[in-house]
Structure formats: structure tokens, C-alpha cells
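Chemist: As a plain string of letters, each chain reads:
There are 2 protein chains.
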Amino acid sequence: MAKEKKAPKPKAQTPKGFRDYFGTEVTERAEMLAQIAGVYHRYGFDALESSAVETVEALGKFLPDVDRPNEGVFAWQEDEDGDKGDWLALRYDLTAPLARVYAQHRNDLPLPYRRYAMGPVWRNEKPGPGRFRQFYQCDADTVGSGSVAADAEICAMLADTLEVVGIPRGDYIVRVNNRKVLNGVLEAMGLSNDDQRDAVLRTIDKFDKVGEAGVRELLGKGRLDASGAYIDGVGLSDAQAEPVIAFLTSKGETATQTIENLKAAVGESTIGAEGVAELEQIADLLAAGGYGPDRIVIDPSVVRGLGYYTGPVFEAELTFEILDEKGRKRQFGSVAGGGRYDDLVKRFTGQPVPATGVSIGVDRLLAALREKGRIGSKSTGPVVVTVMDRDRMGDYQAMVAELRGAGIRAEVYLGNPKNFGNQLKYADKRHSPVAVIEGGDEKANGVVQIKDLILGAKIAESASLEEWQDRPNQFEVPRGQLVSKVREILESYS
Amino acid sequence: MAKEKKAPKPKAQTPKGFRDYFGTEVTERAEMLAQIAGVYHRYGFDALESSAVETVEALGKFLPDVDRPNEGVFAWQEDEDGDKGDWLALRYDLTAPLARVYAQHRNDLPLPYRRYAMGPVWRNEKPGPGRFRQFYQCDADTVGSGSVAADAEICAMLADTLEVVGIPRGDYIVRVNNRKVLNGVLEAMGLSNDDQRDAVLRTIDKFDKVGEAGVRELLGKGRLDASGAYIDGVGLSDAQAEPVIAFLTSKGETATQTIENLKAAVGESTIGAEGVAELEQIADLLAAGGYGPDRIVIDPSVVRGLGYYTGPVFEAELTFEILDEKGRKRQFGSVAGGGRYDDLVKRFTGQPVPATGVSIGVDRLLAALREKGRIGSKSTGPVVVTVMDRDRMGDYQAMVAELRGAGIRAEVYLGNPKNFGNQLKYADKRHSPVAVIEGGDEKANGVVQIKDLILGAKIAESASLEEWQDRPNQFEVPRGQLVSKVREILESYS
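In order, the protein sequence lines correspond to chains A and B.
Going by my numbering, the letters in the first sequence line up with residues 1 to 494, in that order.
Going by my numbering, the letters in the second sequence line up with residues 1 to 494, in that order.
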């Protein structure tokens, strides 16, 4: 190792907006991703792992989030023998790399190409509470098919995925909308210019927050927001605003009714009619596959991503209630979204390539599973073999080797064994179910002490409870019964 | 999406030294990492996932590879509201982040802290054939224990890991050496200054390549290398060089014999005697755990990492032979290495914290498993439901939904269905075992055609073989038997 000058000590800190994940935070996510990969695989999707680093040129500057078009990436310039080379950057999502991969390898890939990808992405944004600059995404996309059957399949797969990871039917809903229908609505409104059109799109994006009345005000004269500030409106007449309102509130009791409402909202627009027909087909295909409106619905109030996607748009919401920071009940909300985007590959090849896909918010879905109690129970630590006699480390190593050989998680205490109390504190910190003790006397008698730490904790909590009275929390067994007795205890708690 | 100006098309290419991984390349690695995590977990190690990005300050500039101390990292400077902030960089290994994590969270972590980590690391080096700038590492380390039991445990875990992923006993060996023994040898040599000491260390590092005679020459007057260039020697006398040679060649028939040879090599050196005693203890502990010299041996010829580590050093080698690029037989070689390093955390806290660990070369181990035929068989693709009538997409969706519901990987063809030949070509490219066909006639008669593509390929390969004659590669079944018949075919090939 290089010699260090007497320099000030470096700060032991993650960079701002980054964090570390420990133990079950890591393994629970890995397990969930493996379950999701299983569903994706069953649907015929193949794994793809592109590198974290792309050229800025290939990445483009298209953050999918229309709210923050200027948010950046982490980028640096290559240094090639002293000369400056390409600009490189960390990927900000998994879609831009997919476009590059597809353009680069298209002659070797099947067409259509169904692929899934899971891994971290990076955003050079101002970090905030619970908002990190590295987070996981988990995407599935079909490149090269313009058929709405591809969109319907993604929706069905999303529903299956949620159930497989542990969100029961009834606790989620996949909603489907279509950008083409919105385009038809905009056409039907007879807007005078692109600025007005963009203003209407921005307003629609606020539907989630301000609701129907709010959107009405914002499309018209304007609105006093919660902070007391007055937000200027788009300045449309009530009649002009009507198709947008009709669109956003067109969800009926049945898909058929919703479709009828949408037909009315798009009026004579050809693109609008096309969008409505696509939604109708998606509903039919899903019904044919057995995915009814209890799982997937046509719902024009889905506005997230409408500015980004070019056709069908999907969003998965969890519908069970949780308490927010202020203790108020609210729905858990969105955990996945996606849609059709037909322009990404064209950047590279000049040829339009239809594509559709979905991205699951891994961290939000994990949070949801914790809410449902599906994951997050305190993990059981290893059996700890304590060290009573440091010269007999070989004996203790033999014990852990036997336990591990029997598939039992086990470790020997590797700290300073002088203070036995510290060894038991360590076992406690490790959430160990069992400690094993073999001092000189035990060794001489061919026995070991087994300490049931879970029972010990229960007895400590409620010393008078009868249920534990006839069960000792520490007992002696012949050395040869170490594995079977430990297993017995572990099984009694599993 | 932002509007694009007419700009030149971006190149669809990975940056130099980066690559994409497809399908089984991704899933086989994921599976192997899960198996390794299982062993690490059984040994009481907890998962840790730190972020890919660290401050350059926290990372330090300590690439573990002494050959390339100046090789760099990918780094950039934070931009904070226009001001320049911290320098950030992608981690170049998983050990430097562990030191930072341990220093940052030490009050919350158990002591000793056993952790494993797996994930990509990045090196800003000149890429070469088969040498990438992003690759996976898979580490396990114990922080906070100075006991050689911690080192022995890592060696045992490494042996178990190799067997669990599919390297049979006899096809690998874990070799153990100790830097302290080398220090003792250097002491015994009576070197005049640090420069000479460093020169000897560099020479020892070449033992793998030049062998005993080469090291003798390089420690003395010098040596003509393979390219014809003359390499100056360190200038030691034969007598002075002797302890190094004795050290490097001290492996005996048994551990006891090796230990005796080492005792002779270190002479009167205290640190040397300490190192030999540690090796002796490690051998004893491993023997107590049942890990004999068929799996783990004391072998002073292990020189890789000796310049970096401060105590025991380990290396796992695969001993079976493969053919190299030139068709010559050679041993597969090293797939993992590690050792004790007691200075990393001290950088942050000022307190020395003993640590020991191992890093598995994930890509090399995967290559080894491919050599052994343990992985890499062509994966079976999905059942492809073809589209004979594009207006009946709902019927086809229903079929794939049924197949998937039965756990069978299946997809409907989503390309342009006009040319049926293209659909079968697609199925071929996907390595599909079965294609399902339902035209108008079949629909009317309540049947489907099932095409056994594996059998079809076999018949095409060897048309005259009798074994296939009484088995049709395409047949008609009632629609209701779709799932059971497809399953029957899949099971006949599994």
C-alpha cells in the first residue's frame, strides 16, 4: 500500500443523496427482484444487463419525468492519453440504454424483442428526505411490436407480478389510458397554438392534485393555490375546456361505458378515434386472458406520463390504505407505470421502432410489502458458538463446521473472548436464536451447554408466565447431540 | 419529450471497455451469486450494499493491485448551485467502501462485523481484449477481529463456496501464505534500505512468471527476459538471496514439513516467527473443522497480494486443465484471493481495526463453470403461440394465459403475422421447444396444432433415424388439451 503523508483524516460519509443498505434490506430486495424476474421470464422476456456507464451522446438528455426536464446526470469526460475524449455518464433509467442496445445489436436480437432489466440508476438531482440519487428500477419492454397485444400483455404481466410478490388481488389496480385519446381531445378543443396545447398538457398533469374543479379553474381564468398564490389560467372558455374535463372524468361503471364516454370526448378526431379503438382492443384482449376489471381497468384519469408516451399508458396503484406522516389515512398509491413510446430507437437508426414497457418502482413496492407485513420481520441471526477457552478454538470451529454442514447458520465468536458477558451481548445484537457454551468442565464431561436465547428473551419479558415455566432456557446435552438439539430449538420457533 | 433539433444521429455503441450481457449471461451470474450468498449467510455474514458512488476522499487512492498503483477511477466534481463541490467517483473495489461503511456506522454494527457484498466495480483503465472497465466482485470480510480463526474461517468458506457453485473437490485448492513470514525473511536477509526491500518485493511478485531460477537471477545480477531485454538485478549476493528462495520453495509434503522449512527461512526474526505460528494455527483450525490439505494448504509460493496484505494471504486456484488460446494445456488458475489488511479503517478513525477477507473473481469463476459444463447449456425458449388470424388475438392471448398459469414459459407472436414462415423463424431464433397453431379450421373444429420444434430439428438433422419415425413432430389435439399436451412434450425433453 502506498505510504500516507500526514494528511487530515477523510470523512467517513456517503456522498449526499446516497445511502448504504444492510442485511435484510439487501436480501429482501434481491428476493423480490428474483420473483419478478420469474414472472417476466414466464412471459418470454429475456434478461439484459447493460453497463452503468453510457456515452452522453447515446444516452441523450431525455429524462422521462416531464416535471424536471433539466435534471441532470452524473457525467465526466474521458481522458485519452492526455487528450479529452467522449463524455460518459451514469444511466438515469433503463429505457435509454435499451434503445442504444437495440440499435447496436438489432441484427442479432429477435424481433419483436422482449427484454427485462433490473438494476440501479442514477440521477444528479438535489437529494431530499427519502429521495436518493441512486435507486433501483425494474423494467420490462417489448421493442419492435406496434400491436396493442404487446401493451395488453405488459398490463397482464404487471398484475401477475404484483400478486407473485405478495400484493393480493383487490389490493391493487392497473389503470390504462391512451395518449392518442388525449391528442384527439386536444384536436377537438380547437386550440390556437402549441403554447396553449402545452399549457393544457401541464394543467392535465395537475389533475391528480387539484381534481376536476381545480383543472376547470386552471384551464379558465386561474386559481388560488393552497399557499395563497394566484396561478394564472390557460384562458380557455368553458366550452373549450369541456372536452378535457369530459376526458378526465370519462370513467364509467363498465369498460363499455367508459369507451362510449371517450368516443364522445374526442368528437370527430381521427387520432382520438384510433386511441379509443386501441383501449377497446386492450380491454377485449385482457378479458380474453381472464384479466377482468377487478385487476385492470380503462381509466382516463391516469395522467402521469401522458406527456411522455405516444399511445397506451399504464399505471399500477395499490389501493389499500396506509397512514401518512401526519397520521391521515390515504391510499398507498402508484408502484409502477409505463406505456408506449415509439421514438426512442429512431434517434439512432432513423427508423421508427415501436416499443412499449413498464417500470416498477422497486423501493416503493418493497415499502408496500413491509406495510402488508409480507416482508420485514426481524431476521433470525446465526447460532453463536461462544469461546470459553481461547486455546481450544479448534473445538469451536469443529462445532460451527458441523452446524453449517447441517444447513444451520452458525458462527464462532471472533472478538476478544475474555469477557463472557460481551459474547452474550454480541449474540443479542446478532439476534441469535441459540448460544452454545463449552467450558473446560463440559469438555471433560463430553457435553455442551445450549442456551435458548429466544426463550430467554421471552422469560425476561414476562417472568411470571406459566407457559415457559417447564421449559429451561439453558440445558446440557451430550456433545454428539449438538446439531440435533439446536435444530430442535430452531424448528420450535419456525 | 424535448424537441430534437436536426442533429447528427448518435452512435449506438457502448463506451470503450464496457459491454452488454444478454439472457443466460445475466441469469447464470445471478444464480451463482445467489448460491454464494447462501454460503456466506450460513457462515454468519450479513449482506451490505453500498452505493456505486463514493467521495474520492473516502475512497482514497489505494487500488489493491500493486502492479498498477496509478490506475485510476472514474471521477467527477459535484456542481452545487454553480459552485464546485466534492469530487465523487465510482468505487474501484468493494473493500474501500467497506472501510468507509464500517467507520461511518461502527456504533450500530456488531463487533466483529462479518459482511458480504456483491456488485459491479469500475476501473478507469485502458481496456483490452477480455478486460473490461466494469466487472463484478463478490467479497466477504470480517472487520474487527485480529484472530487467525477469522482467516481460517474465510478459507473454509471459500472452499465450501467453490463446491456449492459446482467445482468438485479435487478440482480446486485454497493456498495460504503469510506476509509476516515474508517480513521475517526480509529481516533475516539484512537488507540495507527500503529501496532494496521494495526491489525484493517486486521481484517476488514475478515468481509466478519466472520461477525459482528467474527470481535467483533477478535478485542477483539480472536477467535476459523473453523479449531479449536485459533486466537489471537487485544486486544481492547468493547468500543474501537464499532466505527468499528458501521461503518461496518451502512447501513440503505435509503442513508440518512446510512449517519446519519456514522456521528455518525466517531465522531469528520475531515477526517471522509470529507469521509461521499463525500459519500453524490456521492449519490446525482448518484440520479441526475437517478441511484437510486436499482442500486448503499452506503454500509459501503464493505471492499475489503479498505486497498489499499485512498477515495471512489466501488464493483459490482451479487445478483442472484447459486449453489456452494457443491450444496448449494449462491449469485454469486463480479465481479468488484475499488476506488480512489491518490499516484500511485507520485512515478514517485513527484507530487500527484488524480485518480479513476474500474477493471472488465472478467472471473467471463463471468461465470455469462453463468449462466444466456446469452452466451454459443453451436455454430453452418460450412456447410460441402463432397468430394465424390477427382478428382473433384474444384467442391466442387466452392460450398463453393458460400456459403461463400452468407455469409454462409462453408468448404470443407479436410481430407482423402476415408471413407465417417468419413466425416459425422467430420461434427458431427464440429456441422455442413448441409452436402452437390455430387457424380458422382448427378454431371451427375446436382443436389446435402442436408443433414439436425440438423433434422437428432432430428429424431435419437425421431424417433416416428410426427412433423418430413413429413420433410425429406436428399433431392436432382438442383445444382443451393444449396445456397438458404441451407439458407432455416439455417433460419428454427435460
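Quick caveat, the hints were computed from the structure, so don't treat them as lab data.
A couple of the hints might just be wrong.
Note that identical chains are pooled: a pair holds if it fits in a single copy or bridges any two copies.
[As the list claims (entries may be wrong)] Dumping the calculated BS3-like pairs for lysine-lysine here, alpha-carbon to alpha-carbon at most 27 angstroms:
#1 K346 / K16
#2 K443 / K9
#3 K418 / K443
#4 K443 / K346
#5 K429 / K346
#6 K16 / K485
#7 K16 / K209
#8 K84 / K11
#9 K11 / K346
Chemist: Run every hint past the structure and note whether it holds.
Modeler: Hint-by-hint comparison with the structure:
1. K346 / K16: between (36 angstroms within a copy, 23 angstroms between copies)
2. K443 / K9: Answer is neither; intra-copy 47 angstroms and inter-copy 76 angstroms both fail.
3. K418 / K443: within (18 angstroms within a copy, 80 angstroms between copies)
4. K443 / K346: Neither way: K443 and K346 sit 75 angstroms apart in one copy and 39 angstroms across, limit 27 angstroms.
5. K429 / K346: Answer is between; shortest inter-copy Cα gap is 24 angstroms, intra-copy 55 angstroms.
6. K16 / K485: Neither. Shortest intra-copy (48 angstroms) and inter-copy (57 angstroms) distances fail the 27 angstroms Cα cut-off.
7. K16 / K209: neither (29 angstroms within a copy, 45 angstroms between copies)
8. K84 / K11: between (31 angstroms within a copy, 18 angstroms between copies)
9. K11 / K346: between (46 angstroms within a copy, 12 angstroms between copies)
Checked against the numbered hints listed earlier, the structure breaks hints 2, 4, 6 and 7; every other hint is satisfied.
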